[in-house]
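Student: Sequence:
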Amino acid sequence: MLTTSAAPAQETFTAAWWNVENLFDTRDDPHTNDDEFTPQGDLHWTRRKLNAKLQGIHKTLTLMNLPDVVGLAEVENKYVLRELCQGTPLAQVPYRYVHYDSPDRRGIDVALIYRADRFTVDSSRRVGVSDSAAGFFTRDILVVEGTTARGDTVCLLLNHWPSKRGGDEAEAQRLRVADTLRRLMVELHARHPDAAVIAMGDMNATADEAPIAEGMAFGADSINPDGIRLLTRRLPKGWGSHKYQGVWNYIDQVFLLAPDRWLVADLKLMRFDHLLVDEKGHAGQRPRRTNAGPRYEGGLSDHLPLLLRLKLK
Numbered sequence: 087m088l089t090t091s092a093a094p095a096q097e098t099f100t101a102a103w104w105n106v107e108n109l110f111d112t113r114d115d116p117h118t119n120d121d122e123f124t125p126q127g128d129l130h131w132t133r134r135k136l137n138a139k140l141q142g143i144h145k146t147l148t149l150m151n152l153p154d155v156v157g158l159a160e161v162e163n164k165y166v167l168r169e170l171c172q173g174t175p176l177a178q179v180p181y182r183y184v185h186y187d188s189p190d191r192r193g194i195d196v197a198l199i200y201r202a203d204r205f206t207v208d209s210s211r212r213v214g215v216s217d218s219a220a221g222f223f224t225r226d227i228l229v230v231e232g233t234t235a236r237g238d239t240v241c242l243l244l245n246h247w248p249s250k251r252g253g254d255e256a257e258a259q260r261l262r263v264a265d266t267l268r269r270l271m272v273e274l275h276a277r278h279p280d281a282a283v284i285a286m287g288d289m290n291a292t293a294d295e296a297p298i299a300e301g302m303a304f305g306a307d308s309i310n311p312d313g314i315r316l317l318t319r320r321l322p323k324g325w326g327s328h329k330y331q332g333v334w335n336y337i338d339q340v341f342l343l344a345p346d347r348w349l350v351a352d353l354k355l356m357r358f359d360h361l362l363v364d365e366k367g368h369a370g371q372r373p374r375r376t377n378a379g380p381r382y383e384g385g386l387s388d389h390l391p392l393l394l395r396l397k398l399k
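Sequential numbering of the sequence shown, starting at 87, is according to my numbering.
Certain hints may be false.
Straight-line C-alpha distance at most 25 angstroms; calculated DSS-like pairs for lysine-lysine [stated by the list, open to error]:
#1 LYS323 <-> LYS354
#2 LYS145 <-> LYS329
#3 LYS329 <-> LYS250
#4 LYS354 <-> LYS135
#5 LYS397 <-> LYS354
#6 LYS250 <-> LYS135
#7 LYS145 <-> LYS354
#8 LYS354 <-> LYS399
#9 LYS366 <-> LYS135
#10 LYS366 <-> LYS329
#11 LYS366 <-> LYS323
#12 LYS145 <-> LYS164
#13 LYS354 <-> LYS329
#14 LYS135 <-> LYS164
#15 LYS145 <-> LYS135
Derived DEER-like restraints, expressed as beta-carbon distance ranges [as the list claims (entries may be wrong)]:
#16 ARG211 <-> ASP121: 26 to 32 angstroms
#17 ASP294 <-> LEU149: 26 to 32 angstroms
#18 TYR186 <-> THR206: 35 to 41 angstroms
#19 ASP359 <-> ASP128: 27 to 33 angstroms
#20 ASP359 <-> ALA219: 24 to 30 angstroms
#21 PRO189 <-> LEU398: 32 to 38 angstroms
#22 ALA177 <-> ALA369: 39 to 45 angstroms
#23 PRO380 <-> ASN335: 22 to 28 angstroms
#24 SER210 <-> GLY324: 23 to 29 angstroms
#25 VAL363 <-> ASN137: 16 to 22 angstroms
#26 VAL350 <-> ALA219: 37 to 43 angstroms
Just so you know, the hints here were simulated from the structure itself, not pulled from any lab data.
Where is the CB? At the ideal position from N, CA and C, for every residue including glycine.
Please put together the full structure from these sequences, using the hints given.
Tutor: In structure tokens, the structure reads:
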């Protein structure tokens, strides 16, 4: 049985990020490209498989000590969030969710789940970064402003940037999305100078690639000219949040813009055994996916989660 102790005076704030890879329900949405995620679709996506994925996410969050807030990518809709928060043992914790539909063609969005006993949502909105004139549709940035149980302001910006697919035109759009995030962080900091402004997401880019090095203005530094810190540069080498063709990379990123009263206690890559599998054809392990191509693998995601712990002065 999942139990929680009485919350102590809040001196830390924990924020997790995880691309949970194709958290779809089993029903066809005629407005999106989700046909394969139905019982009759190519992946034979059933309620049993969905339940197994939801239970696995619950298990992972429990091993992460039930973070105050969790940003998620590749979530189809409110239904799967409700099933996660109320249809698993997470129902014993007051998790709530924030979600907006985005113009992504597949119908996948970013979302936030949060502990209502540790964080109060004061406002939320989506910031569109699609370019309809260019026929470019992608996930919105989800902006959530809230307050910790102690009364400290936290601003969260959740992202799932477009992939590199599309060559130079796609790269120009990725740079534009990155610049939009940088400007949003600066604007929120100007409005809430004592707050922690945290941006998390699957950026589909490493710290050395143009969307972060140029769009977010980091270059080779861990702090950009706006004072934004790229926290993922402190994570262990030789690993990553994602593995492609046998190589680990950090394409999931965490940024922080905050005054010195917010101390970074740690940022961890969560490498639980149930999230990994031995990789055939390459050395070591890789994330255990739900589906590896058309084959059901029974895992949770091709990404590993990140957990940020901030200490409040």
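Student: Look at each hint and say if it fits the structure.
Tutor: Outcome of the hint check:
no.	hint	in the structure
1	LYS323 <-> LYS354	holds (12 angstroms)
2	LYS145 <-> LYS329	holds (22 angstroms)
3	LYS329 <-> LYS250	holds (16 angstroms)
4	LYS354 <-> LYS135	violated (28 angstroms)
5	LYS397 <-> LYS354	holds (15 angstroms)
6	LYS250 <-> LYS135	violated (30 angstroms)
7	LYS145 <-> LYS354	holds (17 angstroms)
8	LYS354 <-> LYS399	holds (21 angstroms)
9	LYS366 <-> LYS135	holds (24 angstroms)
10	LYS366 <-> LYS329	holds (13 angstroms)
11	LYS366 <-> LYS323	holds (22 angstroms)
12	LYS145 <-> LYS164	holds (20 angstroms)
13	LYS354 <-> LYS329	holds (17 angstroms)
14	LYS135 <-> LYS164	holds (18 angstroms)
15	LYS145 <-> LYS135	holds (15 angstroms)
16	ARG211 <-> ASP121: 26 to 32 angstroms	holds (31 angstroms)
17	ASP294 <-> LEU149: 26 to 32 angstroms	holds (31 angstroms)
18	TYR186 <-> THR206: 35 to 41 angstroms	violated (19 angstroms)
19	ASP359 <-> ASP128: 27 to 33 angstroms	holds (30 angstroms)
20	ASP359 <-> ALA219: 24 to 30 angstroms	violated (47 angstroms)
21	PRO189 <-> LEU398: 32 to 38 angstroms	holds (37 angstroms)
22	ALA177 <-> ALA369: 39 to 45 angstroms	holds (41 angstroms)
23	PRO380 <-> ASN335: 22 to 28 angstroms	holds (25 angstroms)
24	SER210 <-> GLY324: 23 to 29 angstroms	violated (37 angstroms)
25	VAL363 <-> ASN137: 16 to 22 angstroms	holds (21 angstroms)
26	VAL350 <-> ALA219: 37 to 43 angstroms	holds (40 angstroms)
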